[in-house]
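Work out the full structure: start from the sequences and follow the hints.
There are 2 protein chains.
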Amino acid sequence: MVVDDLVKHPGSWLSTENDAGVVVSSRVRLARNIRGIAFPGWAGEDECVKLCKGLREALKKVPAVANALFMEVAKLSPVEKEVLKERHLISSEFAERGAGSGLVVTGDERIAIMINEEDHLRLQAISPGMNLLSVWEEINAVDSELGRHVEYAFSPSLGYLTACPSNAGTGLRASVMIHMPGLRLMGEVEQVTKALTRMDFAVRGLLGEGSDAYGNMFQVSNQSTLGENETDIMARLIQVVDEVVRQERNARARLLESRRSFVMDQVGRSFGLLTHAGLMPSMEAVDLLSTLKLGVELGLVRNLTAAAIHEIILLTQPGHMQKIAGKILEAQERDETRAKIVKDKLRGVSLSK
Amino acid sequence: MVVDDLVKHPGSWLSTENDAGVVVSSRVRLARNIRGIAFPGWAGEDECVKLCKGLREALKKVPAVANALFMEVAKLSPVEKEVLKERHLISSEFAERGAGSGLVVTGDERIAIMINEEDHLRLQAISPGMNLLSVWEEINAVDSELGRHVEYAFSPSLGYLTACPSNAGTGLRASVMIHMPGLRLMGEVEQVTKALTRMDFAVRGLLGEGSDAYGNMFQVSNQSTLGENETDIMARLIQVVDEVVRQERNARARLLESRRSFVMDQVGRSFGLLTHAGLMPSMEAVDLLSTLKLGVELGLVRNLTAAAIHEIILLTQPGHMQKIAGKILEAQERDETRAKIVKDKLRGVSLSK
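Keeping their order, the protein sequence lines are chains G and L.
If you count the first sequence from 1, you need to add 1345 to reach the numbering used here.
If you count the second sequence from 1, you need to add 1345 to reach the numbering used here.
Simulated from the structure, these hints should not be mistaken for laboratory data.
This structure is a prediction, so every number in the text was calculated from the model and none was measured.
Don't take every hint at face value.
The list cannot tell twin chains apart, which means a pair is met if one copy fits it or any two copies do.
Straight-line C-alpha distance at most 20 Å; calculated SDA-like pairs for lysine to any residue [to be verified]:
(1) Lys1539 x Arg1591
(2) Lys1688 x Arg1605
(3) Lys1395 x Ala1419
(4) Lys1539 x Arg1581
(5) Lys1685 x Ser1695
Okay, here's the thing in structure tokens:
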């Protein structure tokens, strides 16, 4: 089974080769539909199955995804769906769908295409670090090439038509995951997220829509898809993310300058708990790992990389743990297993003197 | 200076040779006054100085304290007074007094006599573990011997007369320090302390009257000193302490039986924080060390004794740290120093596999 292999390594977009220390990942997705065919929510099962088959064939003609993997949602177990959600490859809504919905995903997970989610197509490119322009170019190329083989539902006045009007126009949602522990420790997160909201950007927690912001991870994305072209949307988001990164770096510098013992205490406590707790709940793990990542980036931790922390966060998600264990784990078993994985992965790591 | 030597080692009553794992220490004190002389609160300075001199001479004739140390309160620095309070050798009230008040204390700190506190004499014996009867016998012997050389204020109907009526009669206050982490983790501390109060015992926190119960340490003592003879007071306290110890042991057994992972998690977390925090506030330190002590007594920790934990608790009190540092430490410096001492003392300690 494909998912068996996925859980063995982190998605390449978590490898942090371009990690700015602040932007964890960059993602762009395009919503597209096929002219003359009902949106998945209205279409019958047969229609969905037929369309899915047709789209798979069309996608084989697109070089970037010609050799991609394919998974039918209906054949995935609940745990496997969790794994794919945790890897940001599918949405919760997609996981609920039945026959005729499928995922096309490249081996490196940089490109993932959901067929028959809310729209016929959700094309996504994701990359570690601050790489909005390159993921935009990647998915734009897939979109253009696929457009030669299928006919998109497009209106000259409205742009791309989508099941939900909030996606109409460009169908573009660009987002970055920003890690803001410096701003949090300085008590300035709220003023930053409020400013972003006022500028019409959406700010969400680590696990997407409706999730709380924990681990000091925030998804920032464009709110509107209509009335602005793709280049302007991307430019505006890049500009604002650069500003948030500048503020986070500034907060970190001020922390080191004026509150060094406090930061070292916070990093030390996080490390101490991660390496000694016997039960480690999911949210606490992400919070502690977030502070430890700050420590790594400030040079307070030895023998650990930010990429390794991202991997631990992923491997200790409920879906990943259960997939690896090969069985359903009860709440306490999950907390025990998570504590063991974290300790194991942090072996050999120490605080700088 | 005498206090310089004191801070270098724990009081012998912290050595836990008889530590039941539950009762940390046993203490008995007797309030006594000299016939025909005003209580210290009413007496003039000259009168106090004269009495103090006379009592010192009388005490030299009592074998148990013939070679004891003597310290004048007026010559002690604020930090030295803190040290003596933290070692349970003097009271806060005594520390405020001036000329004519002094402390007689044996080298092993088992017997400490405050001259001119609230009463002319406060005779105390203290010992590690559950040793109420032997400390009672010890201080009773001092009291009887001293009674041959001075004339106590005594009324055939009321018994010993004291400055505060709450001490009149026997002048006896017997107390034990009980460590109840098992009952706390089982959520049963309150029902135990309430029952003790109903039975007319006083229950106080680690640092005596008015202090909160932290570190799960509770001082249990007789409330009334009148209308019951010494033997009955001691018997009733011993009986109730034995019952509390039984309940604490029972709680620990139930914890290990039904909530083993929870206890191991709590012990692990405490150890992780103690060995990795950069700033360690006083109350948190005592709480964490309390849980670690439970771990030691349940066999979950290697290379550490309960006595060593008692020593860390003492050495990280503000007075002791400042005396050892030789200077006044600001709040953050204290938390940094405390964190360093704790880490240093726990070097080589580990959690059992």
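Unmet hints by their number, sorted upward, for this structure: none
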